[in-house]
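Engineer: Listed here are the chains, written in short residue letters.
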Amino acid sequence: MFKKDFTAGSKSKVKSSAQRGIRQKVLDTYPLLTPYIDEILPKKEQLDTIKIPDRVALYSLHNRPLFWQHMDDAIMPHLSVVHKYPWCFSRVRIDRGAIRFVLSGATLMVPGLTSPGGRLPGEGEDGGEEYGNGGRELEAGEVVVVEAEGKENACMIGVLKMGTKEMKEKKKGVGIENGHYLGDGLWKLDLS
Amino acid sequence: MAATASAPPADLRPAKSIIYCGVCSLPPEYCEYGGTTKKCSDWLSTTHPALHNTLYNTTDTAPLSTLTPSALARAEKDAQKKAAKASATEAKETSRRLTSRVTIKRVERNKRKYVTEVSGLEAFGLELKKVAKELGKKFATGSSVTKAPGGLGEEITVQGDVSEEIAEWLGEKYGEAVPEDNVDLVEDKKKKGAGAGP
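Going down the list, the protein sequences come from chains A and B.
Using numbering that gives the first Met the number 0, you'd call the opening residue of the first sequence number 0 and step up by one each time.
Using numbering that gives the first Met the number 0, you'd call the opening residue of the second sequence number 0 and step up by one each time.
Same shape as in the complex, but just chain A (with noise of 0.2 angstroms):
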């Protein structure tokens, strides 16, 4: 979704309301995040919210962005944040081969996620516990978190195109079209 570098739009404050609102969207969407929420968005302080191309709404907090929304689609964190709090979202895992393709922007396939070195809900080793996810197949349209084998940071978060567990029968195909990576126009972008 960011592939070019874009310089940001116009900086706007958010409303009290607004904010409440994005408060209430961000817990709604990942619940395990709200021990940290006045953490990550303290109830006192004042958003903004930058326009980026394409339709793309940025939240920031003191000029570090935290959460983009593409017009109303789901509120997502910002890779930033994922890095600072892994274990509140949903998580998969890529084999090495493929990072260096997610890392210039390609969209993940499936097979990066089924071989060996990937994890999905409820398989491999200690599938059963890092990336079980409660036990539950992740359902197309969800948020992950995307991470990578023999790393410990995440580097791609987006939408699910294909649910797990028929991406475990098919094992090819579109896996997550669109996201936020590491390296990315979103994650280059200065805000200051």
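The set of hints was computed from the structure by calculation and includes no laboratory data.
None of the values given here were measured: they were computed from a predicted structure.
Mixed in with the good hints there might be a few duds.
Counterexamples of contact, computed for chain B against chain A with all Cβ distances above 10 angstroms [unchecked claim]: (1) 24; (2) 51; (3) 86; (4) 141.
Distance condition first, Cα-Cα at most 30 angstroms in a straight line; then the derived DSS-like pairs of lysine-lysine [unchecked claim]: (5) 37(B) x 187(A); (6) 37(B) x 2(A); (7) 14(A) x 42(A).
Examples of chain B residues lying across from chain A (beta carbon under 10 angstroms, computed) [stated by the list, open to error]: (8) 15; (9) 23; (10) 31; (11) 33; (12) 37; (13) 38; (14) 77.
Yeah, the Cβ is synthetic: ideal placement off N, Cα and C, and Gly gets one too.
Take the given structure of chain A and dock chain B to it, following the hints.
Structural biologist: Here is chain B on its own, set in the frame of chain A:
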């Protein structure tokens, strides 16, 4: 609701603190994909030696790799290509930086009324709109980004004759980005072609 929603604060995992690479801005473990691996490695070894040791240890590629040799070779090639590309663009950038010039031009608008036109700043990686705003603030005059005469490119137009001051200010504020030798002061008194060519 309270019982399910809020975990007891005692066993709350604190936020992870992440170190980001000062060169490519990625977490250091991803530096190898940024194309500036060499620089990143140098940076990390000076700022976070311990982390550098764990990441750049030669053994780290072996254990987790599930790639076939051919795929590994391809990845290697790809990385090399990327690095070459990055260094090439960097070289290009520096050479452009050395050759391109900033022209500060005083243009007579009316008798005894002048505007100052600054062109060529974009070649040094400055954002015209931001600089224009700063200039306007600094001199308390109107300052805008306008189309350069001839239709090619854009320049900053500052109202008033502030060419000397701009040159000084540029040296002070953006001295690192714009070498002082590359700044030209031109006085344009309605005869064309007084300044350097396009």
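Engineer: The structure should be examined with respect to each hint, and the outcome stated for every one.
Structural biologist: Hints, verified against the model:
1. 24: Violated: least Cβ distance 7 angstroms, not greater than 10 angstroms.
2. 51: Non-interface label on residue 51(B) holds, nearest chain A Cβ at 15 angstroms vs cutoff 10 angstroms.
3. 86: 17 angstroms, holds
4. 141: 20 angstroms, holds
5. 37(B) x 187(A): Status holds; Cα separation ~20 angstroms.
6. 37(B) x 2(A): Distance of about 24 angstroms is within 30 angstroms: holds.
7. 14(A) x 42(A): 12 angstroms, holds
8. 15: Holds, because the Cβ-Cβ distance from residue 15(B) to chain A comes to roughly 5 angstroms (cut-off 10 angstroms).
9. 23: 7 angstroms, holds
10. 31: 9 angstroms, holds
11. 33: 6 angstroms, holds
12. 37: Violated, because the Cβ-Cβ distance from residue 37(B) to chain A comes to roughly 17 angstroms (cut-off 10 angstroms).
13. 38: Violated. Min distance 15 angstroms.
14. 77: This hint holds: residue 77(B) lies near chain A, its Cβ roughly 6 angstroms from the closest one there, short of 10 angstroms.
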